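K.L.:
Taken in order, the sequence shown gives residues 1 to 189; the numbers are from my numbering.
If you are wondering where the hints come from, they were derived from the structure by calculation, not from laboratory data. Misleading hints may appear alongside valid ones.
Think about it this way: if two alpha-carbon atoms lie no more than 20 Å apart in a straight line, the pair counts; the simulated EDC-like pairs of lysine to aspartate or glutamate are [said to hold, decoys possible]:
id: 1; residue 1: Lys76; residue 2: Glu126
id: 2; residue 1: Lys76; residue 2: Asp131
id: 3; residue 1: Lys45; residue 2: Asp158
Derived CB-CB ranges, DEER-like [what the hints assert, rightly or not]:
id: 4; residue 1: Arg18; residue 2: Leu81; range: 18 to 26 Å
id: 5; residue 1: Tyr120; residue 2: Tyr160; range: 26 to 34 Å
id: 6; residue 1: Asn44; residue 2: Lys73; range: 33 to 41 Å
id: 7; residue 1: Val109; residue 2: Ile48; range: 23 to 31 Å
id: 8; residue 1: Asn133; residue 2: Ile170; range: 34 to 42 Å
Being a predicted model, the structure only gives us computed values, none of them experimental. Beta carbons: idealized from backbone N, C-alpha and C, even for Gly.
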Amino acid sequence: MLQSLRPLLTKILNPLARNLNINPNIITVISPFVALIAAYGFANKLLILGTIAILASGFLDVMDGAIARFHGKSSKFGAFLDSTMDRFADAIIYIGIIFGGYCDWFVGVLAIHSAICVSYVRARAESQGVDCNIGIAERAVRMIILMIGALIGYFAGDIYFTYIIYILVILSYFTVGQRIVHVWRQLND
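Full structure from sequences and hints, please.
P.N.:
See the structure below:
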């Protein structure tokens, strides 16, 4: 969904990547620790801190890839590590949201599960040779919705953030369904 922004993002990130000739895996591993700050913010009802930390974690998530591509350091292990750290970050953020009381534990577990399933279905599809970068709620979209929801919750009341979390669970499972149908069509043609 956000693939159309890739050329613009590349234009912005390449000058930064040029000046950061470090191992991109280092940045990849830092991202879940920034997600811990987001979780701390949400757990302590600091929605702005949580939002800023998600934004910072997301920035690191795109910078590691930009650095890898710009300096020719892309690798299969780097892609694997990036995906794995993203799953850790997703779960960490939702755990903070659960502890903050923005949703009950069951909905929080569904949020974690649905986020992981979106990625899992894509990984399994790609292991079968099917490109599966489709769906209404890819990770970047979910993180943007989560940040917007936290800001709405901050300004309008916690209940609106709770509604956003419910919507994210639904959108995530819908994305899983979209990807399953896509793979089924590709493999049964």
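K.L.:
Does each hint fit the structure? Answer for all of them.
P.N.:
Here is what the structure says about each hint:
no. : hint                         : result
1   : Lys76 to Glu126              : holds, 13 Å
2   : Lys76 to Asp131              : holds, 16 Å
3   : Lys45 to Asp158              : holds, 9 Å
4   : Arg18 to Leu81: 18 to 26 Å   : holds, 22 Å
5   : Tyr120 to Tyr160: 26 to 34 Å : holds, 30 Å
6   : Asn44 to Lys73: 33 to 41 Å   : holds, 37 Å
7   : Val109 to Ile48: 23 to 31 Å  : holds, 26 Å
8   : Asn133 to Ile170: 34 to 42 Å : violated, 21 Å
Hint compliance for this structure: hint 8 is the single one not met.
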